[in-house]
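*Asks:* Residues per chain, in single letters:
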Amino acid sequence: MISKKPLFSWVLERFRGLQILLILLILAAIFLRVFPLEMQKRIVNSAIAMKNMNALFLYCGLYLGAVVLAGLFKYIINLLQGYIGQKILFEMRAQIYNHILSLPLPFFRRTPPGMVIASLTSELSSIGEFMGGAIAVPIINILTLLSFAGYMAYLNPLLAVLSFSVYPVEILIIPVLQKRFNHLNRDRIDVNRSMSNVIGEAISGMHEIQGNAGYELENRKLERFSARLFDIRQHMNKFKFLTKFANNFFQSLGPFILFIVGGYLTIQGRFDLGALVAFLSAYEKLYDPWKELMDYYQDYQDSKVRYHQIMDSFDVKPEFQRLPDVDREPHRLEGNVDVKDLSFMADGQIRILDQISLNLNAGEQLALVGLSGSGKSTLAMVLGQLYNYSIGHVLIDGVELRTLTRMDVSHNIGYVAQYPFIFDGTILENLLYACQSLNQNRLVSERPLPAREEIFRVLNSIGFSEDILAMGLNTLLSPERHPEFAGKLIAVRESFFHRWGGELAELVDFFDVNRFQYYTSIAENIIFGHPNRKPYESEELPTNNLFQDFLKRADLHGPLLHLGEELAMSTVALLKGLEQDDFFFKMSPIPADEFEHYSEIVDRLTRSGRQHLPREIEDALLSLAFRFTPALHKMASLSPELERQLLQARNLFMETISTADPDAITFYKPGEYLYAHSVLENVIFGHLRMEQAQTNERIRQNVVDLLSEAALLDDVREVGLEFQVGSKGDRLSGGQKQKIGIARALLKDPIILILDEATASLDNASQARIQHLLNSELKGKNTLIAVAHRLEMVRDFDVIAVMKAGRIIEMGKYEELMERKGLFYELAAGSTESF
Amino acid sequence: MNSPLDQQKAFEPDVKGRSRCELDKNLDLLRMVPAFSSIPIERLKVYAYLSNRIRYRAGEFVFRQGEHGNLGYVVVCGKAQAIRELKSHSIFLHEFNESDFFGGFALFADAPRILSVRATTNLECLTIDRETFQKLFMQFPEVGIKMLDVMVRRLIEMEEKLMQARADECTYG
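In the order they appear, the protein sequences are chains Z and Y.
The first sequence stops at residue 1326 when you use the numbering used here, and every number in between is there.
The second sequence stops at residue 214 when you use the numbering used here, and every number in between is there.
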């Protein structure tokens, strides 16, 4: 198992060719580092002393050449080392993550996400840096050390022995210091993890913290750890710098010995000056490799500690085999389920499931009912191979479920949780998650992804079509991807206008060139088109000189500045103190991240009035006025006079731009698709007024009817599938998330379908639809195991198992159980009475 | 829709001759609602800022029993009725008038509506959604308590009417 792998095996097993190349480069580099020393000696002794110009130039030339080459080699060595390190890191991270993904679910219940994240990111990265040099650094430095030492011994053995005498002392002291350091380092990692967990917890519970103003409490929680971290760091620094001190001290003892002994010998004439200079530089050069070795030693110790800390925390065995031992296709199961004396223990002693036995033939439907805590969800999860069991048997087509590989299970069993997890991305990606996972294994022959028709059929069967359609209607198309579709929608716009244009004149904010649009910004109202060039985009307009001139000519500069001022004042006053929560800014012309900036502007305006404003403040205020959308931003209003003025300005702008820069804007015309507006707005060629809920519903229905006549509904749905669901699907309702969960499983068409209260958040209509689906299409074809929360749902099931305290206490068909007048009868009676 | 509620009216000038923004108008309405009256005005302003107007024509349903919704309503003008729909007929439970508050359960939990509300005249309401309400609730818990007080009283009153209706049915049906 990966968590048992020693640190060095990562280095030794991989990239051997590169590592050998690295060592060869190192050998060459070492030669190039010793070579200048000899040149140095010769320059002093043979060139300068003998006054030989030619020799001087030759030796200096060779010196220079060696130094340049040495630098170049060092550069290549560093690059290569970095490359190897990052490659190893890449593989390590992938393999450890892969291992973590297959750990049993209970592991994740007791492991805080912060710890896993920190392990895989920062902790592992620093190991990666070490790994690159894990082999090269010691070799390079030991060899350098030896070659300098050798050269020194060649110059003068006595001096060499004397100057090396300090090293053994260091070798004794440093490991002692390091050991203390390692111990502290382990503590540091633990504290660091606990600290990440505190932060992680605070972020997930931010609403509770802010709601209770628990800032101080949380701060104190963090402080406990950061204070501890501070202490540990202090101690670590003590040992780290003590090591450094010892190093430096012994190192500087060297020259002292050299000057005393070497000087004496030279004065005596037993040693020449050139050799002494070379000796001194050799000694100085010893310092670098020695220091690097020390650093290496510290890095090695540090990485070892981190590595073991990481591996120990993931040293858990996956419960199920992921792939079969031999290459084969996944089993095609029939769906017979046989449970015999199954018990499931939690924490070693509590029996959550107690001697469960039941039998389900392929195609039969089983309902699990009971009060909460009776074990029905646990049983469903065991049957979905999400929990392992140790006592009893679960046989699927006679094969023990525990021994089936994940590959087999994923091809045959679909499990839908009560709160299905929705990944950040589009709806389509979420729907196809299960199908795509099946194809990720190269051993298995590819299964085609469901076609568009199949997806829509499934979505329709669970009542999700309407939602997708609504999302499609709200989508913005892109001119690159949907030009053809946009063209078809313009045709629908024509028939819409033809049929309902007159009737709806008062109910829709049409993109009529002669009317002001309350649902679009002031900038869009003036430009009345889509900018094709950056300087005409709304945010750029304040700095667009042509536009500035235009505003002054249209007498709008002053009024808009005034409007911007009013907006800034009222918005800042309104949202002061709420700026930490984006939520409050959804209907504000000032986004949360600009709030501070505008607060400062408002301060200045109240302090020193509006005379002589600097250009950038004027621009900021204009920019705010340009964003102002009367129907959305309630904190200011537009006077009828300014509205008239803006409308006139629109015509003036059209004239101005068509001479000055004719292609800058695509004006809104009944024949143009407006890519800045949604599909729905494009068909009706206007905005629905927010306040008329039911009328809007009717208009929307009209649009849907027209799209249906034009056979475009599926295309709209297709763009609806591209809807971005947000992190954890938070732009979807609970019911929509459940529908995605169900559709995701159904699209995989599993032979055994497990629904764990999978319809609990659905409204009655959708609930009935899914009921119908279970009773018709799936009946007799797929084995169904459903944990049910509403008893009216289970009437048609083949078997109903009533659970209590981990046991099945009644089992049979609906009528039988009602006649028995047992727990089921009680539950049924209770559920009708409470309504 | 040429009711007095129409678009033009949004720009009716106030005493100072300046046109009043929608925020101020919403604020005036919310101040009339007893449950909100204790909120400091600067914060009530945030409610006013985050609430939206919605209009119904006479006879339209604001919501139906059994539906899931996330909005609470304050009547701006017009009248509405709360009714409980039964298989064969409906029972009238309550009438909502100007500055009455209804639909509040949806602000606390995502539960199906227990009754239907229908506009009896042309109706205009201010709505607030669950997320907004809960964000603000955290800051001013007393609003929630006052609202619950109103809601529980009304619930008891309706329960009694319902029981009476059932009792009548049992006697005559």
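A portion of the hints provided could be inaccurate.
[As the list claims (entries may be wrong)] Using 30 Å as the maximum straight-line C-alpha spacing, the simulated DSS-like pairs for lysine-lysine come out as follows:
#1 Z:782 x Z:670
#2 Z:1219 x Z:1077
#3 Z:1304 x Y:176
#4 Z:1077 x Y:128
#5 Y:176 x Z:1219
#6 Z:565 x Z:495
#7 Y:176 x Z:712
#8 Z:808 x Z:831
[As the list claims (entries may be wrong)] Beyond 12 Å from chain Y on every Cβ pair, some chain Z residues (computed):
#9 613
#10 680
#11 1005
#12 1023
#13 1125
#14 1153
#15 1196
Simulated from the structure, these hints should not be mistaken for laboratory data.
Using N, Cα and C, we set each Cβ at its ideal position, and we do this for glycine too.
*Asks:* Next, verify each hint and record whether it holds.
*Replies:* The hints, checked one at a time:
Restraint check for residue 782 (chain Z) and residue 670 (chain Z): satisfied, since their Cα atoms lie roughly 18 Å apart, inside the 30 Å limit. Of the supplied pair hints, the one linking residue 1219 (chain Z) and residue 1077 (chain Z) holds, its CA atoms being roughly 20 Å apart against a limit of 30 Å. Using a Cα cut-off of 30 Å, the hinted pair residue 1304 (chain Z) and residue 176 (chain Y) is violated, with the two alpha carbons roughly 47 Å apart. As the CA atoms of residue 1077 (chain Z) and residue 128 (chain Y) are separated by approximately 42 Å, the hinted pair breaks the 30 Å bound.
Between the alpha carbons of residue 176 (chain Y) and residue 1219 (chain Z) the distance comes to roughly 20 Å, so the proposed pair stays at or under 30 Å and holds. This hinted pair does not check out: residue 565 (chain Z) and residue 495 (chain Z) have alpha carbons roughly 35 Å apart, beyond 30 Å. Among the hinted pairs, residue 176 (chain Y) with residue 712 (chain Z) is consistent with the structure: their alpha-carbon atoms are about 24 Å apart, no more than 30 Å. Proposed proximity of residue 808 (chain Z) and residue 831 (chain Z) is supported: the alpha carbons are some 26 Å apart, at most 30 Å.
With a closest Cβ-Cβ approach of about 34 Å to chain Y, residue 613 (chain Z) is found to remain outside the 12 Å limit, as its non-interface label requires. No beta-carbon of chain Y is positioned within 12 Å of the beta-carbon of residue 680 (chain Z); the least distance is around 36 Å. Listed as a non-interface residue, residue 1005 (chain Z) keeps its Cβ farther than 12 Å from every Cβ of chain Y; the least gap is roughly 16 Å. No beta-carbon of chain Y is positioned within 12 Å of the beta-carbon of residue 1023 (chain Z); the least distance is around 32 Å.
Interface exclusion of residue 1125 (chain Z) from chain Y breaks down, the closest Cβ pair being 4 Å apart, not more than 12 Å. For residue 1153 (chain Z), the requirement that its beta carbon stay farther than 12 Å from each beta carbon of chain Y is met, with the minimum near 35 Å. In this structure residue 1196 (chain Z) is separated from chain Y by more than 12 Å, as the shortest Cβ-Cβ distance comes to about 20 Å.
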